[in-house]
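Chains as they are written, first to last, in our numbering: chain A, 27 to 201; chain B, 23 to 235; chain C, 985 to 1180.
Keep in mind that the hints were calculated from the coordinates and are not lab data.
Beta carbons: idealized from backbone N, C-alpha and C, even for Gly.
One side of the interface only, derived from the structure: several residues of chain C facing chain B at Cβ under 7 angstroms:
no.	residue
1	L1052
2	L1155
3	I1158
4	V1162
5	F1165
Simulated crosslink set (DSSO-like; lysine-lysine; CA at most 27 angstroms straight-line):
no.	chain 1	residue 1	chain 2	residue 2
6	A	K97	B	K68
7	A	K139	A	K198
8	A	K135	C	K1174
9	A	K135	A	K198
10	B	K86	B	K103
11	A	K198	C	K1174
12	A	K135	C	K1173
From the derived model, a few chain C residues whose C-beta atoms are all more than 10 angstroms from chain B:
no.	residue
13	T998
14	L1001
15	F1004
16	Y1030
17	G1031
18	F1115
19	E1123
20	W1128
21	L1131
22	M1133
23	N1135
24	F1136
25	M1137
26	F1145
27	G1147
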Amino acid sequence: METMSKKTRYMNPYLAGVLLGLVVLASNVISGRGLGASGAVKSAIVAGVETIAPGHAESAPFYKKFGDSHKGNPLNNWLVYEMLGVIVGGFVSGAISRRLTWRVEHSPKITSKRRLAFALAGGILFGIGSQFGRGCTSGSALSGMAVLSLGGFISMAAIFGTAFAFAYFFRKNWI
Amino acid sequence: MNKITYTPRVITAAVILILGFIIAAVPKNTTTPFKLTPNQILNELKNGNQYLEPDMIAQMIVEKNPSLQLIDVRPQSEFEKFSLPGAINIPIDNILSPEYTDILHQDVMTNVFYANGTTHANEAWMLVRQLGYLNNYVLRGGLNYWAETIMNPQHPANTSPDDELARYDFRMGASQALGGGALTTSAPADAPSASLPKPKPQGKKKKVAGGCS
Amino acid sequence: MGPLVVNEIISENTNLLLAFFIGIGFGFVLEQAGFSSSRKLAGMFYGYDTVVLKVFFTGAITAMLGLLFFSLFGWVDLNLVYVNETYLTSAILGGVIMGVGFIAGGFCPGTSFCGAAIGKLDAWMFIGGLFIGVFIFAEGFPLWEDLYMANFMGYPRISEFFGLTEGITALFVILAAVAMFWVGEWAEKKFPREEY
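Sequences are here, hints too, so could you generate the full structure?
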């Protein structure tokens, strides 16, 4: 598939930043917490394992830890509802700005297959990393910075620093 | 002369810099009342940190400790019939009235609620604790227990341990002092004098989890 | 006085409902800013598109200032707002792994859901990878449990860590961000790419 041929208009980044900040602010004032994303994936995995292999979920330490700190259905969770909202919000925005098409977005210098393979690999790494980091860029870095959390800053520095450091090795994929 | 074009970048930078300087300069607001959740109140109740023993209160009265403020939470009629020395009357029905806020929400005096038993005093304590006020306590056993221990102390058997005998001596002295008579004996040096229990500072008890967990 | 759910001004279920709406806002803004595009996200690291820098820092600073001013006016009790825990080893290790994941995959979890919502198949692959990655972590947990729990530092704020007031810390962050906005602008001029 080809890359997008027509230009699309994105919102001014500073305006978008202010709006994003207001969303984070609302989240803190209403729910006492910032945003998040990777936690929803974690909830889904735990829910899946509990359904398919409940014995394993009760004995293996990771699932047990989750179950101990979360009562009830793992999917009945702030983050899961938030991510459902993210999907809806993204869709609505895409619809309004006419960006809804099925495609693989990649640099013209590589193939779709290569892009998809790297996307998968990147996802796996991010899945592992977000568990170690107890959050991803949304939860730990963005929301963490908003409350001046030390862990948030450390996370952010590590993520962005590493990405810069490794950018050279992946340059063929992007530029 | 260079003109600055007001791009979004310049506007954003200017706004956040100005706000940043303001927030850096303004002193922090630390006087927000801290509300407790039911679980926190329950824990404090279970630990019984709000109780003060009659012995200690008697000693404070005898020593004329200026930080003691006894608060009688019974109706006014009962207060007028009998009250502890120095006590003021805040009937429990009026306890939330604004005129008493300064008495209850402060960090200088040690307020001790009492009634005939402990029920109403505990109710008063729970109410003000829920509002986050500190330095409010409950007299253990109320006036009933006070009468048994301080006003009419039972003489322990002569074979009792020393501290019981010392406590009895102290109570005799206190009851004479508090029964309206002139102060004859001062509290003995080895009378039980526990230090005032400091309410555990309620730290960051997060009710919501956050991050990506 | 906020936070509303902690002070029991709203119920837990209302909280979950509002989470959904907060998510809508989040997803909408992310997509409008262009974070549904992996090329824009990765552009940050090659200089040709610094949208991540601008949006991210403006967002964090807006929220930071918002919280501090709300606290000043007594509209929120900052003691009750969640500050995420700091486990030093785990945070750095996780950050490094995520950094590689970011530059390889071109997404982060939040933006990948945005991208998936508008039909980007690479975003779908990324999400699939997320599930696999979390599962791998979960299954292998006993192997790295010690690393995961090492160096717990509590829930410190940067201001507490450096002994500064929150306001001054915020000002430092703002100064750094403003400097970076100008660097970003310079980078975009220096590394232009054709429209994508």
